[in-house]
Amino acid sequence: MKKIIAAALLVCMLAALFGCSQTKTETEVTYPFTPDSYPRVDGSTATIPLSEQFFSDATGVSLGDASTYIKHNTTHNAYVNLINGDCDIIFVTSPSEEEYAMAEEAGLELEVHPVVNEGFIFMVNEKNPVENLTREQIVDIYTDKITNWSEVGGEDKEIIAYQREVNSGSQTGFLDLVMDGREPADAPTEKRIVGMGELVEAISGYDNSDQALGYSYYFYVNEMYVREAAKLISVDGVYPSPETIADGSYPYTTAYYAVIRADEPEDSPARALLNWTLSDDGQNAAKEAGYVPLK
Amino acid sequence: MFRLNRSLKPLCIAAAGALIAAAFAGCAQSGTEEKPREYVSAESPIVRSFEPYKAPQSLKSGANEVTSPVTPKHIIYENGIVLHDAEVDMSDEASEASDAEGLHFKEGNIRYYVVDGLKDEEVEKKINDTIYNTVMELYNAKLPPYRGIRTADFSPYELQKNVYIRECANFSNVLSLVVEASVYGNYDEGENYGSIDVVEVMPLNFDLRTGEQFSLSDVFADDVDYKEIINGLIADYLAKNNISAGDSPSEALMYDYGSNLSLVTPFRGISDDVKFSVNEYCVELIFDYNTPEFDTSYSNGMYSGWSPAYYSVAFNLPEVSQAAAIFSRFDTEENIYENERTVEFAVSNYPVKTTDEYYSPSDVGFDDGDYQYTNVDLYASIPAEIENETLSALINERYEAAKDDTRTLAQELFSRYSGSQITMDRGYNVTRYGKFLLENDSLYADAYYYSENGDGRKLYSESYHTEKLYSEETGREVELSELFKEGVDYKTLLLEGIKKQELEWSDELKDDSYYLEVIENGDFSIYQEGISLTYKRSEDWEDYYSVRFKDIGLENLTVFE
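These protein sequence lines are chains A and B, in that order.
Residue numbering for the first sequence follows the working numbering, beginning at 1 and increasing consecutively.
Residue numbering for the second sequence follows the working numbering, beginning at 1 and increasing consecutively.
Treat the hints with care, since some could be wrong.
[Unchecked claim] If the Cβ cut is set under 7 Å, some of the chain A residues that face chain B in the computed set are:
no.	residue
1	I48
2	D65
3	S67
4	Y69
[As the list claims (entries may be wrong)] Example chain B residues on the side facing chain A (calculated, C-beta under 8 Å, incomplete):
no.	residue
5	S49
6	K142
7	P145
8	Y146
9	I149
10	P266
11	S297
It is worth saying that the hints were derived from the structure and are not from the lab.
Everything numeric in this text was worked out from a predicted model, so none of it was measured.
Glycine is no exception: its CB is placed at the ideal position from the N, C-alpha and C atoms.
Chain A on its own, in the form it takes in the complex (with noise of 0.2 Å):
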């Protein structure tokens, strides 16, 4: 019955965006927003891009103008502050068991809509020849029972296996999307990277960077300047791609999340862009700014 309603839903739904839909000619280009009647946002610098691309195509304000509008406050102060009233919609990562009490506490519920997908990627150096690894085959190298390549169809090379410092966001992803639970092996220090760039940095640089594999969000590695190139592989086959990543071949997806309060009326303005940025306007806006749109 659910799958009935939601189909019905989705027939309205397209009937209603067509209908809309023809405000944009090549002679008449009219935007949802004004600057003025934009929300107030708010997010984590991650999200900081996607939230000026929004921004411009949502009110035709061109993108270097659209920058000077949006300040975000990282992630934690986001929710803060729109938990508090003081911005109306925020763009960031999921929302921690501390934020959802914050919520609770002030009396708030939070709505939280994925708004761009974002893969956890692997990489190695371009002179490793290997390809692809099984979830599997990666958790048995984090739990140190595959410890050389040659056991995963590479040469006969240590597998030098980074990780990243125990609060990042990338050590996080890794945690909860690949080690699902199960505790990695202690990386000494030599194999505990702090910075992303560093990451990348061992993975193409140094001498033995040809035994190493990384990894981390896709959105950083695939524009991030290095010297030589680090390679991403497939995971069960399946290489890390806008599209693997948005239709979830790929094995380890994840998302930055647009959150309102939830009382939010129907016609507010901070529910305007919720909206905006889910259409294909919004998703439109987010591929360009280089984001891996849902859809």
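Let chain A serve as the given structure and place chain B on it in line with the hints.
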């Protein structure tokens, strides 16, 4: 709607949500309700539109050809120009700004330079017009379009706009200046207080032969990919300092050639239009609203603002030393100045390892409220890499000791002189002059007690200042004679130099035996333009002499080998 990690709903609902969203989006304009804005509105004239900075064209075609490997230069010529300080009174304009923009501006300052001394007056006028026009343009400009600047509320502040200029390079027919405009404001209404600071800089890099501005590519040899060199260095820097997109910079940057670099998006490389200035050590890249991958805003409690971040590409780095063309690009045999050019030593000190620490009583276990006043600080700076292992170990050990000693002495003074005023200034700095390292070690410390009527009583005082010159080749301390080539009568050369200086300062010469005593038994050091000699004539009197390299003759010195 769903709550992540708590009650995940089927994906189809999210998909339906997206479609609902799409429907709303198309019709969103009519249903939005404007909320009161807390920040600068879209119609406000105070933030200007984003206009990316455009770099000047390369001047390579009209300048010296320089190909790699470039031989590093130990000497450079300081240009024979004078930079006269100049100031504009803008009090009337400040009032007009208040009227036009609805903001509270008070009188600001405009300070700039007037260049004097070029033989070609037309070129001189062209440069001076450019400087003045840039200064006035920045003064009259709206706020720079930094990321998020429109979300700041400027209305409570009493603002002051100032424009200054600073000299970065003035050698080898290159004049590099930076014009810095700042809008600063604060307010204090009891519990509500704060300050805000917005800084914009505009570099001016002149080829003094023509008055044209040169580009970043002109700083590097013709046959190198300067962007690849710089991008590699920045990528290394970001990696080593743990800065990646979304991360904050490390609190303790170990190298002094990057500051406040915080990435918003992955670093993809510099553009041709990055702002820069040059000095004798490095090219200083300026990252601001033109380089949005770097987040250059800051907020610390009630203090907030926007200012550029800098990254220095040091000329003595292995990747750069044989690619840096700036010392040769515009150099000429002919003197283009009315005055003579001055010979200077090209100091090559970067990268450096630095410590700049202030100690309050509470930092070392005492109560801040127990003292009339305290100002205890340490500044230490040494080359990040010293080839000679023995010397490297010695200097690093002394660098660490300086840090430990400062803390120990601070603790001792805070312990012994509670209720008094304590000041301490500790310095340990090592500067590289070619193959020599000059160690400069100093301490000034005192404790005073001031009574209610303002009378001060000295409780403690200690000071020293020593300089030692080391050879990076041998690792040992250098004798004065080692600055001169074998067979050179250096005492006579220095004697003549000292007497020349003495006559510039007074009408009377002392007996030669006194000057020889200074040379043989005084302390010596080197500085950019020459050799200095100090001699303690009595307990409370020290004579100081400086003899310029050009008076000694470069051909007689080992320092330029």
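Which numbered hints fail: Failing hint: just 6.
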